[in-house]
Amino acid sequence: MEQTKGNRVVISVVGQDQKGIIAKVTAILADKNVNILDISQTIMQGFFTMVMVVDVKDYNGDIDSLATYFKPLEEEMGLKIRLQHEDIFNFMHRI
Amino acid sequence: MGLALQEIMETIRMVEMENLDIRTVTMGISLKDCAHPDVNIFKKNIYNKITTKAADLKDVADKIQREIGIPIINRRISITPIANVGVKYSSADYVEIAKTLDEAAKKLGIDFIGGFSALVHKGMTPDEQNLILSIPEALTVTERVCGSISVATTKAGINMDAISLVGETIVKAADNSKHINSLACAKLVVFCNPPEDNPFMAGAFHGEGEPDVVINVGVSGPGVVLHALKRYPDADLGEIANVIKKTAFKITRAGELVGRLAAERLGAQFGIIDLSLAPTNATGDSVAEILEEIGVEVCGAPGTTAALALMNDAVKKGGAMATSYAGGLSGAFIPVSEDNGMIAAVEKGALSLSKLEAMTCVCSVGLDMIAVPGDTHPATIAGVIADEAAIGMINKKTTAVRIIPVAGMKAGDMVEFGGLLGRAPIMEVSQYSSEKLVRRGGRIPAPIQALTN
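So the protein sequences, as listed, match chains S and E. This note's numbering puts the first residue of the first sequence at 1, with every later residue one more than the last. This note's numbering puts the first residue of the second sequence at 1, with every later residue one more than the last.
Just chain E, same shape as in the assembly (with noise of 0.2 Å):
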């Protein structure tokens, strides 16, 4: 087949001048086959088996960034979730694990480890909640280490036990990272229905039912679809809709390609590609500034639900054609920290919690990088937790929370978390206590809706 001139230089600017990238190579890990009942051996046992699977992720990926000229951001890694695997550590062995799976990152040059996990969504086991307590202090000591935590799903309900445990984790986690801005937290996600193969951090794990080795590939483009729909500025609503579809297919095709080429040279099965939306801060990379294109003046301003409920449609519509395996969180991502439209838009007070919690409806994350301040309650992270894990119960999809209570700032500061994560404007929460709802604990039950069979 003959290679027409058009494409070839469409796809040069995409790189160029619209930031295309490929996200993340992520590389799925079972680590069941490394259970043992003494620590040091189970240490030994994951660091081994993570270090000779992703030993060619860096370079296949170098190589393919090379071959196909798009760049490839990161190389990551997801495991079985931590707790799955334990037999009756201690929260003190928990920290020494996190550290193991920090050595084995390190040494594999990759920029992310995500797994660090426990889903208790129904109940929890005496080793998920001594997981869950070593969280603190694993997230500070580590540098390439996520975690996740499972609180409610759409069958189960919602494990309130576990979300006031989060609530004081979280404040606790922010606490014992104070000296690094309380970057602890920004490593730490809290789940409604999460997706098992999932590439993107700080959700990453390898769910259940994934095979031993996997290859997950997750694209991004906001500035692509940006760009795209600057060229149409009189184009209607359904217009609209059809070029961010268009856009989709095409960075949905790119992923897929190094998906397939990524899990064929280092011999996994090839998983999922995850079509999300996702920002940097990169200008022109954000997702806010899509919606104000569609036609808000400021992200948050009455529409902007509306309009991200039409984008995040039309990139899974576009995606879904593009291939067949599209799967983890697909959709757009909102997170403040890591997208400047989102920033400037808070900073000018145009956009509050509440509001993103509205627009986490509609589009596939939750409230992600939000930071508030350093005083606010357990029982108010608790209660901002559970809303979003029953938007996701009810609507049957994810919503994730990954908050941050930063120690020492108040509402109206700006903290810097450097690099990929960005940096944050405190944003303002109720002053109104959650207190008497958390304390209840017990577990909301799930909705008729879970009973679909």
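Chain S on its own, in the form it takes in the complex (with noise of 0.2 Å):
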């Protein structure tokens, strides 16, 4: 199938916009070394939108365990951390 089998990763992070929120996902990536490749920010509808296209190649486990180094941040900031493999975006915008 035409399924790139990349290592990378897209991650949208939405939320309230507040202090912080940048450096501490960055921090999270950084630590599970997890390299940044494209990262963009804007406030849509009034709410802090970041999508961050990273590389997971030197980063130990799947998607789902990183997701879960997330899951404290979401809560303590009140954000939605979505972390999806690029396939779903080529294969649904492009032929």
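Be aware that a few hints might be false.
Claimed, not checked - Covered, in the sense of this in silico footprint (three residues per stretch, anywhere, with C-beta under 8 Å from a C-beta of chain S), are these stretches of chain E:
#, stretch
1, 10-18
2, 245-257
To be verified - Below, a list of computed lysine-lysine pairs in the DSS-like style, where the Cα atoms sit at most 27 Å apart:
#, chain 1, residue 1, chain 2, residue 2
3, E, Lys-99, E, Lys-172
4, E, Lys-43, E, Lys-58
5, E, Lys-88, E, Lys-43
6, E, Lys-317, E, Lys-396
7, S, Lys-24, S, Lys-57
8, E, Lys-53, E, Lys-43
9, E, Lys-58, S, Lys-71
10, S, Lys-80, E, Lys-63
11, E, Lys-63, S, Lys-32
12, S, Lys-80, S, Lys-24
13, S, Lys-71, E, Lys-63
14, E, Lys-58, S, Lys-80
15, E, Lys-107, E, Lys-63
16, S, Lys-57, E, Lys-63
17, E, Lys-230, E, Lys-348
18, E, Lys-397, E, Lys-122
19, E, Lys-106, E, Lys-32
20, E, Lys-49, E, Lys-107
21, E, Lys-53, E, Lys-63
22, E, Lys-99, E, Lys-43
23, E, Lys-230, S, Lys-80
Unchecked claim - With beta-carbon atoms standing in for the labels, derived distance ranges:
#, chain 1, residue 1, chain 2, residue 2, range
24, E, Asp-413, S, Glu-76, 47 to 53 Å
25, S, Ile-22, E, Glu-297, 47 to 53 Å
26, S, Pro-72, E, Arg-13, 23 to 29 Å
27, E, Ala-55, S, Lys-32, 27 to 33 Å
28, E, Pro-233, S, Pro-72, 41 to 47 Å
29, E, Lys-230, S, Asp-31, 38 to 44 Å
30, E, Glu-103, S, Met-44, 46 to 52 Å
31, S, Ile-22, E, Lys-32, 54 to 60 Å
32, E, Ala-358, S, Ile-43, 47 to 53 Å
33, S, Lys-57, E, Gln-269, 28 to 34 Å
34, E, Arg-13, S, Glu-76, 23 to 29 Å
35, S, Gly-61, E, Arg-13, 24 to 30 Å
Everything labelled a hint here was simulated from the structure, so no lab data went into it. Note that the Cβ used here is the ideal one computed from N, Cα and C, for glycine as well.
Join the two chains, each given in its own frame, into one complex according to the hints.
As structure tokens, this is what we get:
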């Protein structure tokens, strides 16, 4: 199949704007050996919205386990942090 | 290839705000190699095969859902129509077989198992008759077993003897399950031209030409289509069709990815994507509201059939671009109880049974999840089924009837099924009798369209 089997994961963060969101998210990524390839952040409909493309090649585990490290932060700051494999975006919008 | 922020945001919006989901991952399993004259050995064989082949179905679907970030709502199994593997079983045996299927579904943690079915469009074997006779009890005492009966095809005509029996069976099933609002009927579909690879319940079964184990995926997304249309309030109908087409494309692609991943990980063949728009009771996830957004004041007003035809065709075109393996019932489902817009339209008196029947000529299924008064005569139910079968037979398409005569209720009441099946207003049926027609029995001959060779 035309799946990429790549190492890239899209992380999206949505929530009320507040200080320190980017710092805390990126600190977790650095700690887990995940490399940030692209980062863009905006305020959409009043919500803080950040989308990152990261490379998980050197991370020792799968998307599921990486997602668990963000759970405490989601609760602490009232955020929704979603990790999705890049395949879904490539597959959905492109032939 | 680079990822575009706009595409990422669009996917997230579709999931978070517009109810985009993969409706079902359905594993089709052939039970042909389980046949045995001793019903106890047969039960053991089917239990073992189903629980072995689908052992990882739930976990794999759960994991894919987390990886790609799109919810997968149902995990289901379809099996060879049980009457096709049965060997001289009695009705009581068939009830026991249904219980075994229910146990297997519960053990695997899957939502529904479909295929408690018989295909009797041209004639009935004694075995198939026994299965049909067992339905009222079998679907009452089990939770997750779904059944279907094929009573007509374009090639064979309409088996009126079977329809007559099914009319009585439905009334009996309603009465048997009156303590649960006649819920047994909600798990039974009567078909004309049934698709053999349909992943949607209650009509899913694993047909004749299918491999041993196959993964079929049903994608949905009325909410996504509705939101897309809302962004173009002034578009003409050609543009509307285009918007629906583009949206259907994206939804189908998501489904194809899920289907291929699931098939690969479960060691099964990838079958089809059913690109149906199937509504749910979630706000905004309604086919009726799409039709209203296209331009009719309330679903059921003149123009509704035209709007539905436009939508149904656009969904198929978008889906066909996105996958080479579109199948099943692909198109729009128009159930009443599972669609808030349809429920509202019936309550307003805008949508009647006869308008729904007309709408089924241009969409993928038929009369779906229709609740009628509990005292409806079996011959009237048989008449409704015969009408729907005739539409399917003449137009070379699938039609189906899932009708529920709710015991103790009358037109205007509201029945609550709970969960996925939702709630439904009891609809009025014709007070005039179909008894003479139904009593004649026999088979309505296949139409001239059958001679296509």
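Right, here's what the structure says about each hint:
no.	hint	in the structure
1	10-18	holds (count 4)
2	245-257	holds (count 5)
3	Lys-99/E x Lys-172/E	holds, 19 Å
4	Lys-43/E x Lys-58/E	holds, 22 Å
5	Lys-88/E x Lys-43/E	holds, 14 Å
6	Lys-317/E x Lys-396/E	holds, 19 Å
7	Lys-24/S x Lys-57/S	holds, 21 Å
8	Lys-53/E x Lys-43/E	holds, 16 Å
9	Lys-58/E x Lys-71/S	holds, 23 Å
10	Lys-80/S x Lys-63/E	holds, 19 Å
11	Lys-63/E x Lys-32/S	holds, 21 Å
12	Lys-80/S x Lys-24/S	holds, 14 Å
13	Lys-71/S x Lys-63/E	holds, 17 Å
14	Lys-58/E x Lys-80/S	holds, 25 Å
15	Lys-107/E x Lys-63/E	holds, 19 Å
16	Lys-57/S x Lys-63/E	holds, 19 Å
17	Lys-230/E x Lys-348/E	holds, 23 Å
18	Lys-397/E x Lys-122/E	holds, 17 Å
19	Lys-106/E x Lys-32/E	holds, 22 Å
20	Lys-49/E x Lys-107/E	holds, 13 Å
21	Lys-53/E x Lys-63/E	holds, 18 Å
22	Lys-99/E x Lys-43/E	holds, 9 Å
23	Lys-230/E x Lys-80/S	holds, 26 Å
24	Asp-413/E x Glu-76/S: 47 to 53 Å	holds, 49 Å
25	Ile-22/S x Glu-297/E: 47 to 53 Å	holds, 48 Å
26	Pro-72/S x Arg-13/E: 23 to 29 Å	holds, 26 Å
27	Ala-55/E x Lys-32/S: 27 to 33 Å	holds, 32 Å
28	Pro-233/E x Pro-72/S: 41 to 47 Å	holds, 44 Å
29	Lys-230/E x Asp-31/S: 38 to 44 Å	holds, 43 Å
30	Glu-103/E x Met-44/S: 46 to 52 Å	holds, 49 Å
31	Ile-22/S x Lys-32/E: 54 to 60 Å	holds, 58 Å
32	Ala-358/E x Ile-43/S: 47 to 53 Å	holds, 49 Å
33	Lys-57/S x Gln-269/E: 28 to 34 Å	holds, 32 Å
34	Arg-13/E x Glu-76/S: 23 to 29 Å	holds, 25 Å
35	Gly-61/S x Arg-13/E: 24 to 30 Å	holds, 29 Å
In this structure, every one of the numbered hints holds.
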